[in-house]
Amino acid sequence: SQKIEQNSEALNIQEGKTATLTCNYTNYSPAYLQWYRQDPGRGPVFLLLIRENEKEKRKERLKVTFDTTLKQSLFHITASQPADSATYLCALDPATGKLIFGQGTTLQVKP
Amino acid sequence: DAGVIQSPRHEVTEMGQEVTLRCKPISGHNSLFWYRQTMMRGLELLIYFNNNVPIDDSGMPEDRFSAKMPNASFSTLKIQPSEPRDSAVYFCASSRQNDRYDEQYFGPGTRLTVT
Chain X
51 SQKIEQNSEA LNIQEGKTAT LTCNYTNYSP AYLQWYRQDP GRGPVFLLLI
101 RENEKEKRKE RLKVTFDTTL KQSLFHITAS QPADSATYLC ALDPATGKLI
151 FGQGTTLQVK P
Chain A
202 DAGVIQSPRH EVTEMGQEVT LRCKPISGHN SLFWYRQTMM RGLELLIYFN
252 NNVPIDDSGM PEDRFSAKMP NASFSTLKIQ PSEPRDSAVY FCASSRQNDR
302 YDEQYFGPGT RLTVT
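Top line first, the protein sequences correspond to chains X and A. In this text, residue positions in the first sequence follow the working numbering: the first is 51, and each later residue adds one. In this text, residue positions in the second sequence follow the working numbering: the first is 202, and each later residue adds one.
In short, the hints are calculated from the structure, not lab data. What you are looking at is a predicted structure, and each value in this text was computed from that prediction instead of being measured. Do not rely on the hints blindly, as some may be mistaken.
To be verified - Straight-line alpha carbon distances no greater than 25 Å define the calculated DSS-like cross-link-like pairs of lysine-lysine that follow:
(1) X:Lys160 with X:Lys53
(2) X:Lys160 with X:Lys105
(3) X:Lys113 with X:Lys160
(4) X:Lys160 with A:Lys279
(5) X:Lys121 with A:Lys279
(6) X:Lys67 with X:Lys109
(7) A:Lys269 with X:Lys107
(8) X:Lys67 with X:Lys148
(9) A:Lys269 with A:Lys225
Said to hold, decoys possible - Some, not all, of what chain A presents toward chain X, calculated at C-beta under 8 Å:
(10) Leu244
(11) Leu246
(12) Ile256
(13) Phe266
(14) Phe275
(15) Gln305
As the list claims (entries may be wrong) - Derived list of chain X stretches under chain A, where covered just means 3 residues or more per stretch with a C-beta under 8 Å from a C-beta of chain A:
(16) 71-79
(17) 148-156
By construction, the Cβ of each residue, glycine as well, lies at the ideal position given by its N, Cα and C atoms.
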């Protein structure tokens, strides 16, 4: 069956460290993958998109990798700050024009 | 730009009542999506429209749910009759969809509680 899996347990890290979140998928061949941030009581906000022919994408302190062989995307936040605390969702398009979202990983950055 | 606008922000209703959720997408966006989010099932796509035409409604749970997009600036999601298991946060999102890679812009959501 098709699945998108993100770490279900919350990730707790110290301020200044690098946070790494994982998104694994099975039985999909997505052309691209997106990452969103969601704060409590709010809708998801788009962060980054990476295409299947891209290995890595960066935006300020954010970095995303996409390994189509491993069927995995990693999302990194360097020099993390308490303001980065949120739930992060990965989403992929299985070539249908619509996004399928993972359950999300909650990140808590402690000062 | 005001972003995607949803109303109401909160809705509490009794089982059996009709519920209508409303969405105004970002001007110029030609795709609109309705999602439902629960702790158990996460964020699920219910239906999406492209140029006001429903493209995929395979995520609509059952006949009690219906969605319309009469014009480019307005969409509704209706539940009739509502049931307690419909309690969730419903999000509307829009995108330019000029190519398949455009990101989606989400509204603030409507928190629905059916008692």
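#### Entry: Enumerated hints in conflict with the structure, sorted upward
As far as the earlier hints go, 1, 2, 4, 5, 7, 8, 13, 14 and 16 are violated by this structure, in ascending order.
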